[in-house]
Every structure is written in C-alpha cells, then in structure tokens.
Amino acid sequence: MNDNRYTTLNLGPTHPATHGIFQNVLTLDGERIIDTEQTIGYIHRAFEKIAERKSYYQITTLTDRMNYCSSPINNIGWQMAVEKLLGVRTTKRVDYMRIIVMELARITDHLICNSVIGVDSGALTGFVYVFQEREKVYEIYELLCGARLTTNVGRIGGFERDFTPEVIKKIYEFLDHLPKVLRQFEKLLLRNRIFMDRTLNVGPISAERAVNYGFSGPNLRAAGVDYDVRVTSPYSSYDDFDFTIPVGSQGDTYDRFCVRQEEVWQSLKLIRNALDNLPEGKYFVDVPEFYLPPKEDVYSKMEALIWHFKIVMGEIGAPVGEIYHSVEAGNGELGFYLVSDGGRAPYRLHFRRPCFIYYQALPEMIRGGVLSDAILTMSSMNVIAGELDG
Amino acid sequence: MDNTFITGKLKTRFPENILAVDEHSDMLTVVVAKEVIHEVIRFLKENESLGFTFLTTLCGIHYPDQELQLGVVYHMHRFSDNTRIRIKTFLPVGNPVVPTVTDLFSGANWMERETYDFYGILFEGHPNLKRILNVEYLDYFPMRKEYPLEDPTREDKDNRFFGR
Chain A
1 MNDNRYTTLN
11 LGPTHPATHG
21 IFQNVLTLDG
31 ERIIDTEQTI
41 GYIHRAFEKI
51 AERKSYYQIT
61 TLTDRMNYCS
71 SPINNIGWQM
81 AVEKLLGVRT
91 TKRVDYMRII
101 VMELARITDH
111 LICNSVIGVD
121 SGALTGFVYV
131 FQEREKVYEI
141 YELLCGARLT
151 TNVGRIGGFE
161 RDFTPEVIKK
171 IYEFLDHLPK
181 VLRQFEKLLL
191 RNRIFMDRTL
201 NVGPISAERA
211 VNYGFSGPNL
221 RAAGVDYDVR
231 VTSPYSSYDD
241 FDFTIPVGSQ
251 GDTYDRFCVR
261 QEEVWQSLKL
271 IRNALDNLPE
281 GKYFVDVPEF
291 YLPPKEDVYS
301 KMEALIWHFK
311 IVMGEIGAPV
321 GEIYHSVEAG
331 NGELGFYLVS
341 DGGRAPYRLH
351 FRRPCFIYYQ
361 ALPEMIRGGV
371 LSDAILTMSS
381 MNVIAGELDG
Chain B
391 MDNTFITGKL
401 KTRFPENILA
411 VDEHSDMLTV
421 VVAKEVIHEV
431 IRFLKENESL
441 GFTFLTTLCG
451 IHYPDQELQL
461 GVVYHMHRFS
471 DNTRIRIKTF
481 LPVGNPVVPT
491 VTDLFSGANW
501 MERETYDFYG
511 ILFEGHPNLK
521 RILNVEYLDY
531 FPMRKEYPLE
541 DPTREDKDNR
551 FFGR
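Those protein sequence lines, which keep their order, are chains A and B.
Residue numbers for the first sequence follow this note's numbering, beginning at 1 and rising by one.
Residue numbers for the second sequence follow this note's numbering, beginning at 391 and rising by one.
Be aware that a few hints might be false.
Stated by the list, open to error - DEER-style ranges, computed between Cβ atoms: (1) A:P294 <-> B:D493: 50 to 60 Å; (2) A:D35 <-> B:Q456: 37 to 47 Å; (3) B:S470 <-> A:R191: 34 to 44 Å; (4) A:E31 <-> B:N518: 19 to 29 Å; (5) A:H177 <-> B:P538: 49 to 59 Å; (6) B:E406 <-> A:P294: 53 to 63 Å.
To be verified - Think about it this way: if two alpha-carbon atoms lie no more than 35 Å apart in a straight line, the pair counts; the simulated DSBU-like pairs of lysine-lysine are: (7) B:K478 <-> A:K49; (8) A:K169 <-> A:K282; (9) B:K535 <-> A:K49; (10) A:K92 <-> A:K269; (11) B:K520 <-> A:K54; (12) B:K520 <-> A:K49; (13) A:K49 <-> A:K84.
Read the hints as simulated data drawn from the structure, not as lab findings.
For each residue, glycine too, the CB sits at the ideal point set by N, CA and C.
Hey, can you work out the whole structure from these sequences and the hints?
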C-alpha cells in the first residue's frame, strides 16, 4: 500500500456528526472510504460490574443511562426481567400503562433518529418541528415520575403512582397533535427528491448479513426480516393489541428512515388503544419485598415501615435462578441476562445492548462509499453512545 | 421445537461432550465441553432441523469456587418458531482458551472482544482480539470476582450488614 495515496481522517471522538462520543479512524482515497477502524468505550461506566453490588431496585437507575433517548423502555425492561426471576405476574392495568409509557419512549427515540438523518443531510427544519413534540412527551414523563431524561420510571411490580387525569389528558393531547406534525415532517422529507437521492442505496445491508451480525430492531426490519420481540415473545400484554410491523427491503438508509417513521404511526395507534381500554385495577402488584411502599404508609403503618427499611438497606435476597428477558427497545432487542445466587444483588448481569452489537457492521456498510454517505449511514443506525458503551 | 428433540440431536452428535442439560430454567440450557464448543455452535446453526441462526448474546461469567472457573455463555435464537437456547462452556482460569465463533457469526467479533476485555478469556482464531471498552493499558480483567467494587481494606463498614 502506497502511504501517500490514502488519507487518514479521525471522525470523532467529539465530532458533531457522531452524535455521541465514539471515534472512527477512516482511511480515505480522495472521498472514497477504503476502510475504517472504530474506537469505542469513551463513556464506559462499568454498569455490569456496578450491578453486582446494587440491590435490584437500584439497578433501574443504571439502565436509564444506556439508551437515554428512550430510558423508560430500559427501566421497564429491567423491572420485567426481575419480575420474571421472582415469578411475579402483573395486572392488566400495569401492563397497559407500561405499554403506553414504552411506546411514548419509542416515539421520542424514532423522532430523534429520523429528524437527525434530516439534519445530517442538510434539512434542519424537520428536526425543529419534531423536537417540540419530544418536549411534550418529556412533560408527560415529568408528571409521571418527576424526571425527564433519565426517568427511573416504574418499580419492580408496577408503577410508583397511578396515571393522574392530567397525565391522561396530556397523552390524548399529544396523540391528537403529533399526527399533524408528523405529516408536515413527512412532507418535508419522505418524497423529497434531494433527501431520497441522499439516502436511497446508502449504507445498505442484506437480510442475511444483518442476521449474521446480530442486528435487531428497526435496522433489521429495514433489511427485510420481520423480527420484533413485541410479537415473537409478547411481554406486558402486547398480544392484546393489533399492530403492524413495518418491514423494508433494501436495508439502506432510506428504508431505515421509513421503517422508523411507520413505527411511530403504529405506536400512536397502540397508545390510543391502550389508553382507551385502560383496565381498572391496581397500578402495582403485591411484591412487598421489592415494591417500595407509598410514603404515607411508611409514616403511618408499621409493616410498610419495615419493608421500606428492608428494601432501602438491601436486606432482601432474590430467589436463585438464571433468566434471560428481552424487550423491543428503540434500537432493537434489549436483553437482560440475569444470574442470581440468592443474594441481594445479581451474581451476574449482562445487558444485551443492541447498539453495541450492530454498530460493528459499520465498516462493511460504508466501505466503498463516500464520506458524506457514511455520516448518514451512521445516523440512520441510531448509535447511542450510552448504550454502545454500557 | 421441543427440548427433547434438541437434546436428542445434540446427544447423538456429541455423545461424550454434552456435560449437563437443564430444562428448569427459562430456556433449555446445555453445558458442553470446550473442545467441541465451536462444533456445537456450528451444528446448532447449520443443521437443517435445528437452524439457530441468530446469536443473541455471548458473555462471560466467573465462578471462583469451581474447578473450571471461567464460563462463556451463548444465547442462540431460532426465529421461525421463537426457540431460544443457552449454551455454556467452562474453562480453567490458568488457560482460558476457547475457539472463536466469529467465522460463524460476524456479530460475535465485538462480543468476544468484550468478554476478553472483562474476563480475560482468549478466543483462539479471533481476527482482532484486543480490549474494546476499557483502556488498552489496563493490566487486569475487571469483571472477575477477585476485584471487588469497593476497597477491600475498608474497615468502617461491616459487610455482614450489607449483603455481599
């Protein structure tokens, strides 16, 4: 290899187009990409190690910080994993409330990803439109749990509080308003000649390679594989609902954009269905060993005080067991492999982080293309640094 | 697909190296000898009647009290009827070498690097086995159980009152 022929370019770690802290060392021939080497780990926080000392309810706060664009899915996914280990069955109301919160999170995740594809192809306007809508979802989170980005929403066994009438009103307002914005957004991009030229056949991957790489979520479905955890292993009563799984064919940037866009429409439908049919009942189930009792009970009832103390001090062990639980997160199959030896903390907890697994396919997807296409491919894969590094 | 069919297939193909089968967990769990781990994964992936074509995760685990301390856990998935299987193999801590499965699953590349990074398990034949999340000059494998999160010399805290 003639050294003078190729240029080395450092894309990242703090490049605006990576939308997170990770590095690509590109070898370029003019503008063509010959090869790339990825460096990751800049915000690695050793969650798996920390989790080995945290009691179960404390790990929820660690999961927020993985995919921070849709933290409720991580939180609830983890809580469901623990419930699976404990053998707890939640009520229908809890399930439906979870679906509503998780689908809201999926909408924000996809909105950000898709509008950022627009930004990276030079269309900033759409981003501003939908970012306002994300703000509304964050206001709903605030009413639900008091937090916006790292939500820590829900508890093992359900939710810390019920949906208030105001939350329900806000969600309905959001459901009524988002379609208008979404249609405007789609008018800007979906059949826009410039946008299509920039995204069609950019960073394609075949279905076979995508499965071989362990792709999941919208990126796998864009390649034409109809695998969605919500359908294959329905958790949290997803099987009560009727919704469509959009599938692409080329696995390119445009297909990934379209799949995410359609999933937002499907999520809207799911939320409305769940909210219209929200069953009566309790918003948590009876797992006193893990569900923090309401504060007013702690101050007035002996039993609640005891459980509160035992939970906070981490005196309660979980049953011995080994489970794998996965949910369909914004980026794909988010899995929790949990080994318990009966202690207060997991013996081993491994997070299957979808970003980490599919991001390694990037060199294969951008090789031979031009640099500006690589940027679009990267943003359409929706690599979230927090999830990448764990 | 039911578990007896899968275990039957595996036991016929590898009569001596299937060390344990557990059906009480949430999915079929099979412990195999490390000598055949690559063949078992290949068999599960490529045999027509099995067809576990998706490697969900690959991760390490450490049991300091066992003779073979280090473990590698593979989760595989068959999409057509949503069957999952968990394969484990255990290695001595003095010589933690196991063949790579990157030739079967491209996605195993980073998963194996991560496992090496945290547990020091060496994947023989891996194209680029180096640390991935930790800094390159780290000289130990942090997820092993001998590295506690807190300073072990600390005396002001009695661990009996705080679980593990």
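### Message
Check the hint pairing K92 of chain A with K269 of chain A against an upper bound of 35 Å on the C-alpha distance.
### Response
holds, 18 Å
### Query
Taking the beta carbons of H177 of chain A and P538 of chain B, is their distance inside 49 to 59 Å?
Since H177 of chain A and P538 of chain B have Cβ atoms about 51 Å apart, the given range 49 to 59 Å holds.
### Message
Given a hint of 34 to 44 Å, does the C-beta separation of S470 of chain B and R191 of chain A actually sit inside it?
### Response
holds, 36 Å
### Query
Should the hint that E31 of chain A and N518 of chain B are 19 to 29 Å apart at their CB atoms be regarded as holding?
holds, 26 Å
#### Entry: Satisfaction of hint between K49 of chain A and K535 of chain B, Cα-Cα up to 35 Å
holds, 9 Å
### Message
Check whether the Cα positions of K520 of chain B and K49 of chain A lie no farther apart than 35 Å.
### Response
With a Cα-Cα distance of about 20 Å, the restraint between K520 of chain B and K49 of chain A holds, given a limit of 35 Å.
### K49 of chain A paired with K84 of chain A [C-alpha distance capped at 35 Å]
It holds: about 22 Å lies between the C-alpha atoms, which stays within 35 Å.
### Query
Taking 35 Å as the top limit, are the C-alpha atoms of K478 of chain B and K49 of chain A close enough?
Cα-Cα ~21 Å, so holds.
### Query
Using the C-beta atoms of D35 of chain A and Q456 of chain B, is the stated range 37 to 47 Å upheld?
Once the Cβ atoms are compared, 42 Å apart, the range 37 to 47 Å for Q456 of chain B and D35 of chain A holds.
### Message
Can you tell me whether the CB distance of P294 of chain A to D493 of chain B sits inside 50 to 60 Å?
### Response
holds, 55 Å
### Message
Hinted pair, alpha-carbon criterion (35 Å max): K520 of chain B, K54 of chain A. Please report holds or violated.
### Response
holds, 29 Å
### Message
With the threshold set at 35 Å, check whether the alpha-carbon distance from K169 of chain A to K282 of chain A stays at or below it.
### Response
holds, 20 Å
Going through the hint list in order, the structure satisfies each hint without exception.
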